[in-house]
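Participant: Residue numbers (this note's numbering): 8 to 182.
Treat the hints as calculated values from the structure; they're not laboratory data. Honestly, I wouldn't trust all of these hints.
[To be verified] Below, a list of computed lysine-lysine pairs in the DSS-like style, where the Cα atoms sit at most 30 Å apart:
| id | residue 1 | residue 2 |
| --- | --- | --- |
| 1 | 111 | 167 |
| 2 | 69 | 111 |
| 3 | 137 | 111 |
| 4 | 139 | 69 |
| 5 | 167 | 139 |
| 6 | 167 | 145 |
The structure displayed is predicted, hence computed values, not measured ones.
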Amino acid sequence: MPYPQFHSRGSSPHTVDVSLPPPPVATLPRRHVRLRSYDSRLNVLDWDYTMELQPIASIVHKVHFREWRMTGLAFELRDSNYIAPNRSLASFAAGRLRGASVFKRGFWGDVINSPFAAVGVECDDERFVKQKNGQHVKTACDVAFYNVLGWLTALETGRKFTIRVRASLVRARGH
8 MPYPQFHSRG
18 SSPHTVDVSL
28 PPPPVATLPR
38 RHVRLRSYDS
48 RLNVLDWDYT
58 MELQPIASIV
68 HKVHFREWRM
78 TGLAFELRDS
88 NYIAPNRSLA
98 SFAAGRLRGA
108 SVFKRGFWGD
118 VINSPFAAVG
128 VECDDERFVK
138 QKNGQHVKTA
148 CDVAFYNVLG
158 WLTALETGRK
168 FTIRVRASLV
178 RARGH
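Let's have the full structure, built from the sequences with the hints guiding it.
Facilitator: If you want it as structure tokens, here you go:
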């Protein structure tokens with residue numbers, strides 16, 4: 008029977024035949040569309056950025072935070088393709104599998120807190136944290152690059168790292 012049969016009121020009010028033929032394959036939703044609609048990662052990272060990170064570290068841009076949460080890539084250097092995983096932080100952890108002791112390889116570090124907090128939020132040079140019209144002029148990636156370069160310079164030379172201001176810019180601004 009292609010359509011449900013409802014019996015008249017007088018015959019039997021409790022019998023309803025609802026056997027329908029299956030819908031054609033073209034009307035079934037595609038698997039990748041269904042899976043994307045149930046994926047909450049974008050919503051969770053938007054909540055974490057807006058409610059948790061933005062009030063305390065507004066220099067971290069939403070695009071950089073989303074890239075880190077979705078791919079694990081926090082600081083992109085040059086326009087490179089990152090096709091191989093970074094195994095430098097991978098390690099082994101002892102565990103049990105079906106009663107046997109085993110070692111599992113993986114990343115056992117902190118994946119909740121971004122690396123922006125360690126190197127990309129605060130800076131000695133006020134030019135990196137300056138704002139214009141409520142927006143930061145530099146990004147957390149710029150701050151992180153400056154901080155790491157400063158640490159490496161201090162280790163190598165024993166002196167503080169500074170970025171020189173070009174003389175043409177100083178004369179143009181009148182400082």
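Participant: Starting from the hint list further up, note which numbers the structure goes against and sort them upward.
Facilitator: When the structure is compared with the hints, numbers 1, 2, 3 turn out to be violated.
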